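Q: All chains, please: the whole structure from these sequences, using the hints.
Sequence lines, in order, name chains A and B. Sequential numbering of the first sequence, starting at 1, is according to this note's numbering. Sequential numbering of the second sequence, starting at 1, is according to this note's numbering.
If you are wondering where the hints come from, they were derived from the structure by calculation, not from laboratory data. In this text, all values refer to a predicted model and were calculated from it rather than measured experimentally. Don't be surprised by glycine CBs; every beta carbon is placed ideally from N, CA and C. Any given hint might turn out to be false.
[Stated by the list, open to error] Chain B residues, not near chain A, derived (Cβ > 12 Å throughout):
hint, residue
1, 103
2, 500
3, 583
[To be verified] One side of the interface only, derived from the structure: several residues of chain A facing chain B at Cβ under 7 Å:
hint, residue
4, 12
5, 40
6, 42
7, 45
8, 186
9, 212
10, 214
11, 215
12, 384
13, 435
14, 446
15, 450
16, 537
17, 572
18, 575
19, 579
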Amino acid sequence: MDVVFNYETQDVDPITFEVIRHRLLSITDEQAATLAAVSGSTLVNEATDFNTGLYRAFGEVVTMGRTVTFHAASLSLMVKHVIEDCAENPGINPGDMFIVNHPHKGALHCPDIGILAPIFVGDKRIGWTGACAHQLDVGGMVPGSFASMAKDIRQEGILIPPVKLVDRGELRADVLNFITGMSRLPINISLDLKGLMAACNTGVKGVLDTVAKYGVDTVLTVMDGMMDLSEAKMRKRLHELPDGVFRAQAFLDHDGFENKIYKIHVELRKQGDSITFDYTGSDDQAPGFVNATRTGLLAGIYAGILPLIAFDLPWNDGLLRPLEVLSREGSVVSCKFPAPCSQGPLGAMWLVEVTTTEAMSKLLASHPDYVREAQAAPASGPDLFHIHGKNQYGEPATAPILEVMLSGGGAYAHRDGITVSGQRNITAGRAPNVEATELKLPVLYMYRRIITDSSGPGRNTGGQAAGAAFVLHDVHEVESLVACHGYQSPTSRGLFGGYPSGCNHRRLLRNSNIRDLMQGGEFPDSMNGLVGEETTFTAKPPEFEFAHDDVYECNPTAGGGWGDPIGREPELVALDVTGGAFSAASAERIFGVAVTASGDVDEAATAARRDAIRQERLSWPVTRRLQHPPHVHGNAEALAIVGDVARILKLTDGRSYFVCNCGHVISPADENWKDYAAHAPATAEDLGPRVRIHADLEVVRHACPGCGTLLDVEVKRRGEDSLFDIEIAA
Amino acid sequence: MSYIGTDIGGTFTDLVLLSDDGDIRIFKALTTPEDRTKGVLNAMNLAAEALGIAPAELVARLQYFSHGTTAATNAFIERKGARTGLLTTRGFEDTLRIQRAMGGWVGMAAHEISHFSVRRLPDPIVPRALTEGIVERVDYKGEIIVPLDEDAARASIRRLVAQGVESIAISLLWSFRNMAHEQRLAELVAEEAPSVFVTTSSSLVPIIGEYERASTTAINAYLGPVIHRYINGLERAIRGHGFEGPISIMESGGGVLPASEAAFQAANLLTSGPAGGVLASQKLGELLGFPNVLTADMGGTSFDVGLIVNGQPLLETVREEGRFHVALPSIKVTAIGAGGGSIARVRDGHMTVGPESAGSTPGPACYGRGGVEPTITDADVVLGIIDPKYFLGGKMRLDIDAAHKAVRDHVAGPLGMEVAEAASGIREVANNQMADLLRRVTLRAGYDPRDFVLMAYGGAGATHAHQFAEAAGIATIIIPNTGPAHSAYGTVTGDRHRSFSLAIGQHAPARFRRASEHVDIAKINDSLNGLAARCVEALGDGVTIKRFIGMRFRQQVHEISVAVPDGALDAAGIDALVDRFEEQYERVYGKNTALRISGVEFSVVRVEGTSPVIKPVPRKVDGSGRSNKPIDAREVYFYGRGFLSAAIYRSEDIGPGQPLAGPCIIERPDTTIVVGPAQTAEMEPYGNIIIRTSQAA
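A: Below is the structure:
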C-alpha cells in the first residue's frame, strides 16, 4: 500500500499560489511563537536556539524558520530517519509524533531534541512538520551535556533514535518520563518538549486548515512549486557565476585532550548550475568532543550559504538541490559512531560554516553583481563558558554565561563588519543584560565593553566584539567549564588582504587582590593594576574551580577584515583610534596611519609609513616569476573579478591570467597565484596584539609584486603549500 | 461648550470637535512640517468657519483641548533630538553600542534581516564621546559596592557641558534597586548646569535590564528639550487665543498627559498616534457593547493591528522604536508594510505585494504624480471599488487609465491575465497577508480572532476589511464614523492617565510551599501605596487606581502583569496572586505550561491612574429624512466572482436600522466602505456602519 498521497498537479494561478505561500510561512512563524511561548526558556527565547518548519512527505524542506540556521538541515534529516526507522514498526500514523536527538539520525548533538509530526489527508501522508530546540541538559557525564572528557558519544547524554512519543493523538507518558528522567533539569526539558509538541500541533492544524480551504492537490502543488521556484532561481544565479574551484581551510585547535590542530578543508567546485562542497580534504576525526557528524557538516554548509547566495530567495529544499556534499566518513567533519560530538556545533561544524562562507564568498566575489554579498569571516571561535554550582540564593545553578553572543561580524566590500553583531548563524539573537545574568548567577561584572583591537583590520574592518570580566559575588566558588577553538589559531579570516580578527582571550587571575580593593570601596573596570597568579589556559582546559578571590576575563573573537589595511582612509583610522576600535599602535603598524594624541592624522608620517610598508612588501621574495608577461590591453576580456583587488583576464596570447587591479600580471590563471606573489611570514605581533599562532600553524602574507598591495593573509599548516584558493580558468 | 482633539499625521492634521449636544465633527488641514502648530490652528480655523463663528469665539466656547503629535517620533527617527550626554556606570559605557547584540538587525524589515550585506548599525542616540563612565557600583541587592565618586562625576558633567550638551541621561547599573547614586548625580547636574534637561532611569523606567533602561532614558533625554519647545509653542498659540482650560497630550500607554508633563515623558509620546486609534476603538467598543475588539488601521504604507480584550487594550512592556528599545508600558500595535501604496511586482512568474510602498510621493500610479508601478489603491480603482471622481470626496481626481496601465504592464501582462483578474489578485494577496497578521496577533496573545469584532479605519481600512476580516474568520466589522480622524477622536475621548512602576525583586524559591512565606509583603504594600500616591499627586483626587504586579516563573522569560485587588495585601492575598498568575500564564501560553516548582518572581509593581475628562456622549443619528437609497450602481469586481453590479450609497443618505445587502459600496468623503457579496451592512444608532460577514452565525 502506498502511504504517501499522490496528488494531481493543479494549474494554480499565481494569486492563490502567493496566498498559500504566505500562509505556509505564517504557519511556520506561528510554530516558532508557540514554541517560544510554551518553553519560556532563555535559550529558546533569547538565543533563539531552535527551529521549526514544514516538510513534504519525505522530509523535503518547504519552509524553515529564520532562527538558528544550523537546525535547518537537522529537522529534514530527522524526518528521513523517522521514516527509515519507524515506517515498518511501530508505524507512522495520523496523530503520531516522533522524538529524536541522535546525532547520527539528524540531530547536531545530543542537547538538540527534535519532535516531528506526520501530516495525513485520509490515510495518506502529505507531509511533516517539526520543531527542535537546544536543551539545557540531557544527562551524560557533565551538567549541560558538553562533556570535554568524553571519549564516546554514549557518555555525552541520552541518545534517542526516532521514538514514537505520541501515538494517534495519545501522549506516551512512559516515553516522556523516560526521556525527561535522564535530564538534570527534568522540568525545564518537559516544558520544552511540550513546546515542541505544541509547535507541531500548530503546524499540523495550520496545514490541514489550508488544505480544507484550498484542496489538498492545490496545497501540495504550491508546496512543490515553492521548492521548484527556489531551485530554478538558485540554478539561475549559479549559472550567472563563473565556473571555477574555490578552496578554503580553517584550523581547529585542541580536541579536548590534546592541543592538536585539525584541518577543516573545503574545495568548492562550481560548474554550470550546480555546486559541489568537497570536504574530503579535512583531517581525521578527533578523540574528543569537537567532531561534527555528517548532519553537522550539512548544517554548517547550509548555514554558510543561505544568507550569502540565497539572501533574497525563499529558504527551502529547492536551494539545496543543486548542491552535492562530499566527505570522508571518519573525518572531523563526518565522524563515525561512537566518536563524541557534543561540542561539534561550536567546533568542527562552526568551522564548516566558516570555510563554506569563505569559499562561497570567493565565488560570489568573482562576479560584479554579487561581490557585495561576499563577506569576510564572522567571529569564528565561540567560547563556551558554563558554570555549575550553587547560586547566590543557595539554589543549584547550571548555566552558560552568554557573553559568547557579543561577537563581531565580517567585513564586506562596501562596509565594515557589524560591531557586536551576534553570531552569524543566529539570524536575530539577543545577549542577556548584565543585570539579568547577575540576578540569576553569582557573578559581579567588572566591565562589559567593546574590545580594542579585537577585530580584523582591513580597508573595511571586521566588527568588534565586546568582552567582560567578573568576580564571584555572594558565593565562595563554582565549577567552570570553558571550551573554544580560535585560541591559538586565527579562524576569523579576512578576505582579499584583510586581516584575521584577534583570537579568543581568557585570563584567570587566581588569589588576586580584588577583595582587598573592594574592601576599600574600589572595583576596577579592567584587569590593569590587579595582582594575582596568572593561569595558563589552553583552548579546552579541564573543568576548573572559579574561586572567591579569582578574577576571570573573556574577550571573544570578532569579524575578519576586507582588503589591504593600508588602503583604509586615514581619517577613518583616526576615528577608529579615538573611538576605541583600534589602538594607536595597531593604526601605525598595520594601517600605516600615525594618529596624534589629539586624535588627528599626522599626514606626513602616515604617507611615509604607508610608503615604507609598500616598499617592504615589494622586497618580499617571489617563488616564481612570469618570464614573458603578456601585455594588458584596456579591452582585455575579463572572465571574472577577484573581489575588488584583481581580475581574471584573457590576454593577447589567448591564455587567462590573474591580474592585479594595478595592471600587474601576477600569474597564469590555472596556476596558484600565490606562487607568483611577493610573500612573507607574519608573526602574531604583525597581525595585532590579540593574535596567537599555534606551533603547527603559520601565517603568510601575499602581496602583488607590482604594487605592493596586500592580497591575502593566509593561515596554513606549517610546511604545507599555500592554498590555491581561487581557480578560475577558461 | 466644546471639546477638541487634534492629531498630527504625516499628511493631515486632524481635528475632532465634540459639542455638548453630542455632535461630532471632523476637520482636516494639511500638516505643516516647518511649524506643526500652524496646521493645528488652520484646522481650528476650518472648524470655526464651519460653525460660522470667529476663531476667537470657538476658543471662548472651548472646554478642553487635547493633542496627539508625531513630533517625538519625527525627531527621533530623523535623529534631530537634543545634543545629549550619558552618565553610566564605569565599565559599561558601551551598553548602548552593544545593544545586547541586536544592533545589526533591530528595527529592520524581515527581508533585510535575512540579507546580511544590507544590515547596518543604527545611528546613535548618544555618541560615545558624550558618554561618561561614573565611578560607582551597586549590586543585585541594591547594596553599594563602590560609593559614588562625586568629584570625578562633577568633572564628567563639566566635560559634557563643555561639549555643549543640552540634555543628560543618567542610567546606572542596578539603579532600580537603589536610586541614591542616580539621584545624587541629578543633583550634581543641577548644580553644575542648572539649565540642562535631565532624565534619570530610576524615575522614568525602574525595571531590570540596563540596556533597555539606558535606551529609554537616553531617548527621553534626547527628546525632552524638543518636546518642551514644541509644547510651549503649541500652548502659546492656543492660550494666545484666550483659552484657559486644560491642555492634554496623547501618550502611548493608554491615555493623555497634562501638557506640562509631556517633556518629562517625551519617550512616552513615541507611538501615541497608533495608540490613539486603539483608545478611540476602546471607547467606541464600550459605547457599542463590544469588549473584545481587534483594531485594523490601514493607511498608505502600513497595516497596524491592536487588540482590546475585556475592554482593556493589550499593552507591551518593551518595544522597538527608531532601532532602539523603549521599555515603557504602551499599547501594543503590530505593523506590517501593507497599505494602499504597497507595490505589486512579478518576478519569474511569481507575484508579491509589498512591503515596498509607493508612499505618498510618487504614490499610486492613479495619483498621477509619476508612480508607474501598480499599488493596492490602483487595483481598487481598476476594479470599480474606488470611484476616481470621488476620492477624498472628489477633492482629488484619480487617473484610472494610469492605474489600468500600471496593472496591465506590471502584473496582468507578465502573468498572462486579464487586467481585472490581476487587480483583484493584488487585493487577494494583500488581504490575505493582513488576515495572516490578524491571526498572528490574536493567537500570540492567547486568543482566537473569531472571538473578536474588527474595527477598521485609516484611509484604506474600510475598503479592504470586508475581505481580510472574512479571511481571518471574523463575523463583525465596525467602520467607525470617526475613522478618518480616529486617533484625534482617541485624544479627545482618552482619559488622563499616568503609569508608575517600581522593581521590587521579590521571589519565592524553587519548590516553595507558599509564596507569602518568602516575600516581603510590607515592602510590596509600601511600593504599591507609594506609586498610588504618585498617581493621586499627578491626577488629583478623582483618580481611579489600578494596581498590577509583574510576575514570572524563575528561569523563564515571560512576564505577566497580574491585577492586584484593592486594599492592603496580606499573606492570603499574595498566595492568591500566584494562583491568578498561574491561571493567566496558562491562558496565554497553554495548559500545563506553568512552572510553579521552579519558583516565582514578583519583579515589578505597576500602578495606573486614570481620571476621566468629562465629555459629552455622542449623539444618535436622526435617520428621518435620509433616503436610504443608492445614488448609483456600478460594476465592481470581486475576487473569485468577477464583475457584479453593486449599489453605491453615500453615507449621508443612510440612516440607522436599514440593512443594506452586499455587494454594495458606501462612499464617505474619507474612505470607501465595501460590503462583500455574502455580507450585509447596517448603520447603528450612533452612525457607525456594522458589516456582518458570511462568518456570522
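Q: Take the hints in turn and mark each one as holding or not.
A: Quick rundown of the hints versus the structure:
{"no.": "1", "hint": "103", "verdict": "6 Å, violated"}
{"no.": "2", "hint": "500", "verdict": "20 Å, holds"}
{"no.": "3", "hint": "583", "verdict": "16 Å, holds"}
{"no.": "4", "hint": "12", "verdict": "11 Å, violated"}
{"no.": "5", "hint": "40", "verdict": "4 Å, holds"}
{"no.": "6", "hint": "42", "verdict": "6 Å, holds"}
{"no.": "7", "hint": "45", "verdict": "5 Å, holds"}
{"no.": "8", "hint": "186", "verdict": "10 Å, violated"}
{"no.": "9", "hint": "212", "verdict": "12 Å, violated"}
{"no.": "10", "hint": "214", "verdict": "11 Å, violated"}
{"no.": "11", "hint": "215", "verdict": "14 Å, violated"}
{"no.": "12", "hint": "384", "verdict": "16 Å, violated"}
{"no.": "13", "hint": "435", "verdict": "5 Å, holds"}
{"no.": "14", "hint": "446", "verdict": "6 Å, holds"}
{"no.": "15", "hint": "450", "verdict": "5 Å, holds"}
{"no.": "16", "hint": "537", "verdict": "23 Å, violated"}
{"no.": "17", "hint": "572", "verdict": "15 Å, violated"}
{"no.": "18", "hint": "575", "verdict": "10 Å, violated"}
{"no.": "19", "hint": "579", "verdict": "6 Å, holds"}
Violation of the numbered hints given earlier is confined to hints 1, 4, 8, 9, 10, 11, 12, 16, 17 and 18; the remaining hints are satisfied by the structure.
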